[in-house]
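Visitor: On the provided structure of chain A, position chain B as indicated by the hints.
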Amino acid sequence: MENKKQKYNTLLVIIAVLLWAASAAFAFLLILPILDSIITIYATFWADPNPIGQAYYLGASIRQLGVLTLAFLFVVGVVGGAEHHARNFNTPASWHFMFITYAVELSLFLFTLFF
Amino acid sequence: MKFIEKLFLKDIRLSTQIILIFFLAIAIIVFLIHGVMVLFFQYPLDYGEGPLLNQALRITQGEPLYPVDIASPPYLVSNYPPVYVLFSAFFVWIFGPSLVIGRLISFLSTIGTAIFIGLIVRLFFPDRNFLPMLSGATVFIIIPYVLEWSALYRIDMLALCFSFAGLYLVLKDPEKNRNIILAAVLFILAAYTRQSFGLAAPLSATIWTWTKNRKQSLRLAASYAVGGLALFGILQLLTNGGFFFHIITANVNPFNWDTVWNFARDILQKIPWLIGLFLLYLVIGWRTTKAYAFLALYLISGIAVALTIGKVGSNINYLVEISAGFALLTGVVMGWLTESFRVPSNERPDLVFSKDEIPEAETVKPGVRRKMWLNLALFAVLAFVLIFQVANLTRASLLGPITSHRNRIKPDKDYIFLEENIKSAAKEGPVLADEFMAVLPKNGIPLYLQPFEMSQLVNAGLWDQSPLIDSLRNRQFPLILIHHFQFYPVYLERWTSEMRLAIFENYVATEMKADSLFFTPKDFENETYPDGLSCPRAPWQLPTAADMGLYWSSGQMLMLGDGLTGEIPVYAIADGLGYQFSEWKTAVAIQHDDPFNPGEFIWSFYGDLAPAYDAQNSYIPEKYQGAEGISVKAGELIGYQGRWLGPDQQTWVHLRFTLLPSDVDGNFPESLLGIGDPFADLPSYKEQTRMGLNAQVSLSRYTGLPESAIFGTLDFLPFTCESGTE
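So the protein lines, in turn, are chains A and B.
Count the first sequence with numbering that gives the first Met the number 0 and you get residues 0 to 114, in order.
Count the second sequence with numbering that gives the first Met the number 0 and you get residues 0 to 725, in order.
It is worth saying that the hints were derived from the structure and are not from the lab.
Even glycine gets a Cβ: it sits at the ideal position worked out from N, Cα and C.
Do not rely on the hints blindly, as some may be mistaken.
As the list claims (entries may be wrong) - Just so you have them, the derived chain A footprint on chain B, three or more residues with Cβ under 8 Å: (1) 17–30; (2) 354–363.
Stated by the list, open to error - With beta-carbon atoms standing in for the labels, derived distance ranges: (3) B:Leu-350 <-> A:Val-66: 51 to 57 Å; (4) B:Asn-128 <-> A:Asn-8: 33 to 39 Å; (5) A:Lys-4 <-> B:Lys-354: 37 to 43 Å; (6) A:Ala-85 <-> B:Lys-211: 58 to 64 Å.
To be verified - Pairs of lysine-lysine, BS3-like flavour, derived with a Cα cap of 25 Å: (7) B:Lys-584 <-> B:Lys-521; (8) A:Lys-6 <-> B:Lys-1; (9) A:Lys-4 <-> B:Lys-1; (10) B:Lys-409 <-> B:Lys-422; (11) B:Lys-354 <-> B:Lys-1; (12) B:Lys-364 <-> B:Lys-1; (13) B:Lys-685 <-> A:Lys-6; (14) B:Lys-370 <-> B:Lys-1; (15) B:Lys-370 <-> B:Lys-412; (16) B:Lys-1 <-> A:Lys-3; (17) B:Lys-512 <-> B:Lys-422; (18) A:Lys-4 <-> B:Lys-370; (19) B:Lys-171 <-> B:Lys-289; (20) B:Lys-412 <-> B:Lys-422; (21) B:Lys-214 <-> B:Lys-171.
Pulled out of the complex, with its shape left as it was, chain A reads as follows (with noise of 0.2 Å):
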């Protein structure tokens, strides 16, 4: 009985950790096309083909700052739930955290393929 409990904790750790590493790697790969789509939204209203004009350095602010706004973000969430996961395992909390990681980053997907 005891080792067949053990079994299952193990399992669950594996998939807590399997769960938890899928979202990091997504959300990794999530933060140039957001990037991309905040861009085209951007120049949907303010494009200026110009190269010095001041549209272009505009867009190529908001790039930069993105990549440092999402980076610092991926750190947080990625550390941050670690964090939260290990100290909260196997309760309602983690498993519900869990959901709304991949609630977000699947809105973040479908935000990169639709814009």
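Guide: Coordinates of chain B only, in the frame set by chain A:
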């Protein structure tokens, strides 16, 4: 039911909601940014803004809104009832004429309508969360027709807001007399803001009330009819019959079913999912939602009103009412499918559990479990349909109206030039304009002519244009602005052929800014103009008419004619031998003896003689297709002006014309064969000289056409004859 099942039931729904809210938020942000972008732009974005600002200005100046006499100037038509104009006149009176006033009214009205859509959805689903309300309201503001119109100085959004406010009051409590009377007043306001808003909402509200309380329904219908007719009578009396003429008689334009089909295709392309929901709702909605009695009727009557988009000169504003109907439908269906199968609260499993502890399994009836999973599946399917629809609508808005407004706003320096020219010309006499006519009342200058409306009256035999034609012939107008949209010759609907002829005979387009041509009176004393298709003293005739001006493009000339694609003839400029080389589909060239250098040859080139995107059906007569030196006489027809600009682009109706040197043997230079492609990278004059070619052949010298010293960018030139030609 175990924890894992509860978790999935709860969190799949929550995750779907997060994704949906994310896309709804993007749509709202896009709508708001576009609104702010348009509100801060101080120049016209639509033809229809000018007449409305002018009407507001006229009211503040004590001028009649619906004058009976339109035989003498100013030649104006007030196509709409007075409510919106009175609203904006009030603010014009306080702040002075400005486009921001009317645009802000429209923008706030759009937001107001979205709120009423949400509130109406809430009436039918009070126990749901905010998602059905938010979905309905957001779908409304992100439909491209609504977004484009949301911040224009146009009447439609205010009319829609009144109409939805009335609907809300009736649906909220039809038993209350106060609601019925107030709704009737709001419906009258909507109808007196825009005539066509007098049908769908009042009709559906009356029928819906009939299903609840017949007496109240009759009260609503009677109040609306009596109030509306009484107001009509008063306005008729006050304007001596001018009201009827302006809003009814002058509005009966010719109808075109092609326009209806084109818009129907566009709607189907933009909102296929909503159309699907609509059809489904028509079939099964009566069994499932209480809203059916009014919503189905509203949608059907809204579609009937939208069909009037076939009127000549109509625009997407004919679609905003039906767009609101589809948005309402979205909210209602969302409310319905949030929980399709009701589960009694005492039989529901407890989905609220502690954060730290996995709850114990719970016994749940099999029927309840099945219902809960079905509810979740239906909700998730609908939510994803909505996510795809909202994302597609956002994309369509970004690529459609937002891009178009961005392109319109971009050349801001051109607008300063345009405004200054109008202001300075207005000191010398009346200025005529079409697309940018709002610049006149914006600067306190009253309009003299609404060209589109008056042209329609001429076509309907309701107005004698001869006094205006006489004024044009007498060159009484220091400046006439004719907007030349690159992708469709709208000016043909706005100015009658007689007006255009009088303009082309007496005025010349001297500049083109923000796609508007600046026509100024011809100076016959100091300038020479083509007589028919020839310039005095030039040895060769001109290839085609360019009444809409010339664009110099690095040695080539785009000659812009007046008319539709495939209508304006192109002729050989002189005797010679006609060729169409194998690389060419839309162009021909003619080899001529050089009149200035006997024994030598010059080539005339005629390009872009084809419809947009369609090189296979070029306008070149069969005998010239693939020709290898057939004899051509001066003045012989060799094709028609087209919109062709390569396989992926189109532009104004034009001929691309130039003169080219021959190689040492008199043949067409091989290095220039690429000229058949409008965007070919041809050798520069210096390179041509190095290749042994004669380089630049003067267009002025041989044909009298003007030339420019500017290369690398387009330079507008007037259709004049260059003085000093030999």
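Visitor: Please go over all the hints and tell whether each is borne out by the structure.
Guide: Hints versus structure:
1. 17–30: holds (count 6)
2. 354–363: Result for this restraint: holds, n = 5.
3. B:Leu-350 <-> A:Val-66: 51 to 57 Å: Given about 40 Å between the Cβ atoms, the range is violated.
4. B:Asn-128 <-> A:Asn-8: 33 to 39 Å: 37 Å, holds
5. A:Lys-4 <-> B:Lys-354: 37 to 43 Å: For Lys-354 (chain B) against Lys-4 (chain A), whose Cβ atoms are near 22 Å apart, the range 37 to 43 Å is violated.
6. A:Ala-85 <-> B:Lys-211: 58 to 64 Å: Since the Cβ atoms of Ala-85 (chain A) and Lys-211 (chain B) sit about 59 Å apart, the hinted range of 58 to 64 Å holds.
7. B:Lys-584 <-> B:Lys-521: 38 Å, violated
8. A:Lys-6 <-> B:Lys-1: 20 Å, holds
9. A:Lys-4 <-> B:Lys-1: This hinted pair holds, its Cα atoms lying about 17 Å apart.
10. B:Lys-409 <-> B:Lys-422: 22 Å, holds
11. B:Lys-354 <-> B:Lys-1: Holds - the C-alpha atoms of Lys-1 (chain B) and Lys-354 (chain B) are around 16 Å apart, at most 25 Å.
12. B:Lys-364 <-> B:Lys-1: 13 Å, holds
13. B:Lys-685 <-> A:Lys-6: 83 Å, violated
14. B:Lys-370 <-> B:Lys-1: 16 Å, holds
15. B:Lys-370 <-> B:Lys-412: Roughly 63 Å separates the two Cα atoms, so the pair is violated.
16. B:Lys-1 <-> A:Lys-3: 19 Å, holds
17. B:Lys-512 <-> B:Lys-422: With Cα atoms ~15 Å apart, Lys-512 (chain B) and Lys-422 (chain B) stay inside 25 Å; holds.
18. A:Lys-4 <-> B:Lys-370: The given pair, whose Cα atoms are some 33 Å apart, is violated under the 25 Å limit.
19. B:Lys-171 <-> B:Lys-289: 13 Å, holds
20. B:Lys-412 <-> B:Lys-422: 16 Å, holds
21. B:Lys-214 <-> B:Lys-171: 17 Å, holds
Checked against the numbered hints given earlier, the structure breaks hints 3, 5, 7, 13, 15 and 18 and satisfies all the rest.
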